[in-house]
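Colleague: The residues making up each chain are set out below.
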Amino acid sequence: MTSEALIDYVKGLLGDKTKWADPEAGDNFLTVASEDWKNICQTLATDKKCSLTYLRNFTGTDYPEDDEIELTAHTFSYSEKHGLIIKTRISREAAVCDTLSKIWPAAIWYEREIFDLLGVSFNNHPDLRRILMPEDWVGHPLRKDYKQQETYRGIPTTRPA
Amino acid sequence: MDAMVEQGPEGSFVLGKVDDLLNLARKNSLWYMLFGTACCAIELMQTGGPRSDADRFGMVFRATPRQSDTLILAGTITYKMASRIRLLYEQMAEPKYVIAMGSCANTGGLFQESYAVVNGGDLFLPVDVYIPGCPPRSESLIEGLMLIQQKIEKEPWLKKAWTNTKNPKDPQIEGLL
Amino acid sequence: MNALADFIINSLGLSGLSAELVMLLLVVAVAAAVFGIGMTISGLLTLAERRVAGRIQSRIGPNRVGPFGLLQWLVDGLKLIMKEDVVPHDADPHMFRMAPYLVVVGVFAAFASLPFGQLLIASDLNVGILYLLAITSLVTVGVLMSGWASNNKWSMIGGIRAAAQIVSYEIPTALSVASIILISGTLSMQGIINEQGGWPWQWYIFYNPFTFAVFFLYFTAALAEGNRIPFDLPEAESELVSGYNTEYSGMRFAGFFLAEFANIYLMSAIATTLFFGGWQIPGVTPEQQAGSLVLQITGMVVFMSKSAVGCFVVIWIRWTLPRLRIDQLMSLCYKYLIPLSFVCLGGNAIYLLIFPKPSSANTLVHMITTLFGGVLIVIFVTRVMYHHRISGVSLDLNFLARGEKGKYNPETQVRAYGSFRKKYEKKQGAK
Ligand code: SF4
Chain A
-14 MTSEALIDYV
-4 KGLLGDKTKW
6 ADPEAGDNFL
16 TVASEDWKNI
26 CQTLATDKKC
36 SLTYLRNFTG
46 TDYPEDDEIE
56 LTAHTFSYSE
66 KHGLIIKTRI
76 SREAAVCDTL
86 SKIWPAAIWY
96 EREIFDLLGV
106 SFNNHPDLRR
116 ILMPEDWVGH
126 PLRKDYKQQE
136 TYRGIPTTRP
146 A
Chain B
7 MDAMVEQGPE
17 GSFVLGKVDD
27 LLNLARKNSL
37 WYMLFGTACC
47 AIELMQTGGP
57 RSDADRFGMV
67 FRATPRQSDT
77 LILAGTITYK
87 MASRIRLLYE
97 QMAEPKYVIA
107 MGSCANTGGL
117 FQESYAVVNG
127 GDLFLPVDVY
137 IPGCPPRSES
147 LIEGLMLIQQ
157 KIEKEPWLKK
167 AWTNTKNPKD
177 PQIEGLL
Chain C
10 MNALADFIIN
20 SLGLSGLSAE
30 LVMLLLVVAV
40 AAAVFGIGMT
50 ISGLLTLAER
60 RVAGRIQSRI
70 GPNRVGPFGL
80 LQWLVDGLKL
90 IMKEDVVPHD
100 ADPHMFRMAP
110 YLVVVGVFAA
120 FASLPFGQLL
130 IASDLNVGIL
140 YLLAITSLVT
150 VGVLMSGWAS
160 NNKWSMIGGI
170 RAAAQIVSYE
180 IPTALSVASI
190 ILISGTLSMQ
200 GIINEQGGWP
210 WQWYIFYNPF
220 TFAVFFLYFT
230 AALAEGNRIP
240 FDLPEAESEL
250 VSGYNTEYSG
260 MRFAGFFLAE
270 FANIYLMSAI
280 ATTLFFGGWQ
290 IPGVTPEQQA
300 GSLVLQITGM
310 VVFMSKSAVG
320 CFVVIWIRWT
330 LPRLRIDQLM
340 SLCYKYLIPL
350 SFVCLGGNAI
360 YLLIFPKPSS
370 ANTLVHMITT
380 LFGGVLIVIF
390 VTRVMYHHRI
400 SGVSLDLNFL
410 ARGEKGKYNP
420 ETQVRAYGSF
430 RKKYEKKQGA
440 K
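Chains as they are written, first to last, in our numbering: chain A, -14 to 146; chain B, 7 to 183; chain C, 10 to 440.
Hints may be right or wrong, so weigh each one.
So the derived list for chain A, only partly shown, Cβ under 8 Å to chain B, looks like this [said to hold, decoys possible]:
id, residue
1, R74
2, I75
3, P119
4, I140
5, T143
Pairs of lysine to aspartate or glutamate residues, derived as EDC-like cross-links and limited to a Cα-Cα distance of at most 20 Å, are as follows [said to hold, decoys possible]:
id, chain 1, residue 1, chain 2, residue 2
6, B, K102, C, D101
7, B, K102, A, D121
8, B, K86, A, D(-7)
9, B, K160, B, D25
10, A, K34, A, D(-7)
11, B, K102, C, E93
Quick caveat, the hints were computed from the structure, so don't treat them as lab data. For clarity, every value in this text was computed on a predicted model and none was experimentally measured. C-beta: ideal position from N, C-alpha, C; glycine also.
Starting from the given sequences, assemble the full structure and let the hints guide the process.
Modeller: So this is what it looks like as structure tokens:
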């Protein structure tokens, strides 16, 4: 499907649950509410015409001014040769979201990364541990207000003058 | 033995000569560990290659820390890796030496501001030689190894007691054993 | 050795307890000498390996200690003695300490029945070759022990692999040795050499087409028994850190290391004895050789050079071939080497039924096999020379290259070598 055809189709499929970006703003993406996040992803992945079976990338961004964290999933369909970007926003304090690992198993690792670096915890995730930083690290480095600890296991984190 | 060591301010002649012989042996067989954490490791491999041939000085790589004499910190060290490197260092047999190769291992280099990168290998290991460069050329690395050789030459091996400093409760390697 | 003991005891007129004492001292002295010779040979082999590897990789290799770096092996040994002897906290300390001794004993005890010369053999056992096969099996126990006692998964896998590999490859080795025993009719090392002659067509490798095949079977199986590339799975660096000796440091590691290189010499020496006529000099009968000291020494040199060629081939293979996978290794043994060695054993038996005595027909077969072997060698050499010619690189076989001397100077020391050197110097001259 072409990009326009896919957007029209998804609009018809999901109805008023979606919010679409301004078409002038580069790649088109759809934003959904965090309560619908899992269900909509499930629909898009299993729908015959969409069949977005492949999770290319899944990442998060911190927006302290909106007090929100944005999660972005880049999906792709090998059979239909089209891709779609799906976004959601969750609150910064609670930072809880439903897991996508039942839909796309690859999301297990992406969600561990988001948990590690942004501190978002995913409900029903099978193995939610840190993936990049050490297990006993304090804080989530990609949060914009992150302050590094003074020492880690006795190693100073700033170079003494 | 002690009486012989006491003679003269510089130690006895006999022990001095024995020390020279032993140090000659140690300095000409400086096996380094086959270990690298980032791009400097490519230059480390190249140092064993035909252009610079570290084997001329008897320096060959060993894959295991138990059999190596020098630990070359070749590359960017993250905090997660630092405890592993520390563990590798503890596993090496005395006498052992550490070389910090490249700006990353010296000071954190161009990743110094990063939250994940250790700002220099000397913050958690006793570094003997620092080699500047990003990456240092193989000539520099060989010169660094030669500086270790010069250091070995000056060490009184017979008088120096290699104390076993290993501490399983070391906070830096906790949970890895 | 017995002859020597008798001579000393008789000339001193000893008897009873003092004769026993002299005998004991002599045994200890000969054992020490054999051990020393074995150590020296394996030490020199480590150096040879590094020089040959250097040449193959267009490097120089160790050249700083002693003339041409010839003392490098001593220096390495001295350093390893000085290193701390680590016994891991969770290891089984007694087994961990004992394993290197077993390996060293297994390999160096085998040197006792290697015929370096007509009279230069520590103990010419009448079951010599059987003794060699048996005593080297101690290595398996030692290696497995070291892997188990280290309490380290890499060591463990390495030890298990070594045990599986050595036990499997003992079968083709023993079967190929059996073929030779069938022909020679004796198990004694000197006996086997005495049955052969100095000229190539008198060697057992060219005895008949089956022995020709048996040699290659033996060589492959022995390579695998010695854990050499392409069969060095027990210490595969890319998978197992350093295999069964991962946890060993200092002198205990040196034991493993020396035993490995002694094993290379051992297999070359056994191949020389079984297939290449040992110390036999072309055109000289063993009786003539027994009467002359010069011929004796020549015989020793002949033996040494034959086995040195064998060692060189092993090192050459080491730096040329990649490593096999474990299943390939096992199927090579059980699917190909063992059936083939059975075929060769049967073939030899049938051959001996047809030509039981030395006859002109027998000699004709030797000649034809020799011719065939010669043609194979010529084909191999021409192929190598052809590929060398089309590669356009000049061949430099200077294994004793000095490299640069004196104090370290990055300007002159780190620079191109070989044909690259000429280009480099041209460039420097142009500047
Ligand atoms: S110093 Fe330069 S070359 Fe070396 S690891 Fe750091 S960035 Fe890479």
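Colleague: Hints the structure violates: just list their numbers, smallest first.
Modeller: 1, 2, 6, 7, 8
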